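Colleague: Residues per chain are reported as follows:
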Amino acid sequence: MTKHILKLFFSTGILFIVSCKPAFKTTSVQYKDYKIDNATVDTSYTSFLRPYADSVNRSMNNVIATLAVDIEKKQPEGTLGNLMADAMKVMAEKYYNTSVDAAFVNYGGIRLPVVKAGAITKGKVFEMMPFDNIIVLQKIPGKVLKEFLDHVASRGGWPVSGITMQIKNNKAENVLINGKPLNLSTTYMIANSDYVANGGDKSDMLRAIPQLNNGSLFRDALIEYFASFTNAGKQITVTIENRVTNAQ
Amino acid sequence: MLNRRKFIQQSAFTAGALLASNWSMAEDAAVQKLVILHTNDVHSRLEPFPMDGSRNQGLGGVAARAKLIEEIRAAEEQVLLLDAGDIFQGTPFFNLYKGEPEIKAMSMMGYDACTMGNHDFDGGLENFATQLNHANFPVLLCNYDFSNTPMEHKTVPYKIFKKGKLKIGVTGLGIEMKGLVPDNLFGNTIYLDPIQKLNETASILKKEKACDMVICLSHLGYQYKEDANKLSDILLAKESEYVDLIIGGHTHTFLDEPVLVKNRLGNDVVINQVGWAGLQLGRLDFEFSKEKRKKISGAKTISVGKKSL
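Those sequence lines, one after another, are chains A and B.
Be aware that the first sequence starts at 1, since it is given in my numbering, and climbs by one per residue.
Be aware that the second sequence starts at 1, since it is given in my numbering, and climbs by one per residue.
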């Protein structure tokens, strides 16, 4: 590994005019970033963690489903996001016993960059979605939905299920909901996390719209949705479907 | 601000000379040295990432970080260990234990101070206050007013560390909660203007308290390319006075090298950030010399060199 030396000479003039001045000045800085690679460890920390880790492992190591492919967090569209948005839509319909036009997941709310093919444990779902976010429904007027979609576009595209759109000049274009063009004068049943519906990630346009909230955690919904594949004897597979694309 | 390309180009011409001057200075008895170790956005990553074939497998965790810190402390006289916030949230440890092992481990490692990140609100203010009972280090914040919240009197705006002959002032800045942290989690917390509060605090530290160096632990984020006006460490550094170093967080930025920005007074501010999840430990070795070392006005030479370890 190399160590870099950064040398700087700070200008000194300004400090001479104050009465009480520091005795020393910074003259150089060397820097180094250590990779924490576990070649050596302090085992007293392993011992300290053991009781916590044992308990975490007991409740988190059970396998919920098997992932057939590596999936990743990506903009404007990624496989991890598609899976999570699909789970939001399917489970919102189940929990609220109604049809849902579209579901969203805020991009920043996905907390793993990648999930490798293989077993998905409960713990992995907690890392994917550590927040105690609740799935809520809102009846959103088409005009407000367009505003929200523009916001999603301006943030580079969020995972969505039930909608396809293109991003052009930070706006949503060619929006199709259930295959039909967005109608500004109708309302749509939209699933979101309570975080987003309450204005999180600057989604201010949603704040004033009433919510249906029965307390169902999004994370529990993910676990149940993933388990449904296992129960059907299937592995989970996800593809990019051009739900959200950047206009050329 | 000096952009990085220019910064490195300059270095090619001057690295040799500067290395030589660096060595001669190290022999000067008036030169003081301080090693700053830092983390940010560790996000409850107490254990290394699992061996599942992913990019970060086997990396991180407190046991390896602690070992490294111990080795550095054994070799260096004056060390400060700092964290720039988002200690909480990201692994099931936090869901089950609400931050207790995170804070306990930081106390064991001898962290000198931290600031608060937006995810440190995630268990609620009452929970953060409760977990701080396990902390033997202060939470530094100069721009949150916690009056009438469970966090009242649980943070301090700054702390001054005596390190050999040096006086080091450290403060902290939190990010705006509205639209980021759910309203119910930050409650009555009032967000105050970071630039104004930082300059007030840094001025106290440099001028009244005569600190030789002022460090800001910032959870504002390094830079926002999509929203150039959003306050970030880069913008903060430009608008700052009397701050020498910003240890950043929030944007999970891995910088190849610390970045230098000119502040309002034309002086250099160093910014560094080390990604997230405790994958890295940042180390900055500062050298200090007596104030009498006077440079010709306006002459600021900044360059980069490399040497093998």
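Derived from the structure by calculation, the hints contain no laboratory data.
Treat the hints with caution; some may be incorrect.
Stated by the list, open to error - Computed list of lysine-lysine pairs in PhoX-like fashion (alpha-carbon distance at most 20 angstroms, straight line):
id, chain 1, residue 1, chain 2, residue 2
1, B, K197, B, K209
2, B, K162, A, K21
3, B, K178, A, K202
4, B, K33, A, K32
5, A, K143, A, K180
6, B, K167, A, K21
7, A, K21, B, K165
8, A, K21, B, K67
9, B, K225, A, K168
10, A, K35, B, K165
11, A, K21, B, K209
12, A, K202, B, K230
13, A, K202, B, K225
14, B, K178, A, K171
15, B, K159, A, K74
16, B, K178, A, K21
17, A, K21, B, K230
18, A, K21, B, K207
What the hints assert, rightly or not - Some chain B residues close to chain A (C-beta under 10 angstroms, calculated; not the full set):
id, residue
19, L46
20, Y97
21, N184
22, K197
23, L231
24, L279
Claimed, not checked - Output of the computed footprint for chain B on chain A, the stretches with three or more beta carbons under 8 angstroms from beta carbons of chain B:
id, stretch
25, 46-59
26, 110-117
27, 143-150
28, 189-200
Keep in mind it's a predicted model, so treat the numbers as computed, not measured.
Note that beta-carbon positions come from the ideal geometry of N, C-alpha and C, so glycine has one too.
Colleague: Is the Cα-Cα distance between K21 (chain A) and K209 (chain B) 20 angstroms or less?
Modeller: Cα-Cα ~8 angstroms, so holds.
Colleague: Holds or violated: K35 (chain A) and K165 (chain B), Cα atoms, limit 20 angstroms.
Modeller: Roughly 31 angstroms between the alpha carbons, so the hint for K35 (chain A) and K165 (chain B) is violated.
Colleague: Could you grab the alpha-carbon distance between K21 (chain A) and K165 (chain B) and see if it respects the 20 angstroms cut-off?
Modeller: holds (14 angstroms)
Colleague: With 10 angstroms as the cut and Cβ atoms as the points, is Y97 (chain B) at the interface with chain A?
Modeller: Cβ of Y97 (chain B) sits 6 angstroms from chain A, so the hint holds.
Colleague: Please work out if K143 (chain A) and K180 (chain A) have their alpha carbons no farther apart than 20 angstroms.
Modeller: Roughly 15 angstroms between the alpha carbons, so the hint for K143 (chain A) and K180 (chain A) holds.
Colleague: Within 20 angstroms, alpha carbon to alpha carbon, are K178 (chain B) and K21 (chain A)?
Modeller: Given that 20 angstroms is the threshold and the Cα spacing comes to 39 angstroms, the pair is violated.
Colleague: Would the hint linking K178 (chain B) and K171 (chain A) be met if the CA-CA limit is 20 angstroms?
Modeller: violated (23 angstroms)
Colleague: Quick one: see if chain B covers the stretch 46-59 of chain A, three-plus residues with Cβ-Cβ under 8 angstroms.
Modeller: holds (count 8)
Colleague: Does K209 (chain B) lie within 20 angstroms of K197 (chain B) when you go C-alpha to C-alpha?
Modeller: holds (16 angstroms)
Colleague: Was the hint right that L231 (chain B) lines chain A, CB cutoff 10 angstroms?
Modeller: violated (14 angstroms)
Colleague: Verify the coverage statement for the stretch 189-200 of chain A against chain B, using a C-beta to C-beta distance below 8 angstroms and requiring 3 or more qualifying residues.
Modeller: holds (count 5)
Colleague: Does K21 (chain A) lie within 20 angstroms of K162 (chain B) when you go C-alpha to C-alpha?
Modeller: Satisfied, since the Cα-Cα distance of roughly 16 angstroms is no more than 20 angstroms.
Checked against the numbered hints above, the structure violates hints 8, 10, 14, 15, 16, 17, 22, 23 and 27; every other hint is satisfied.
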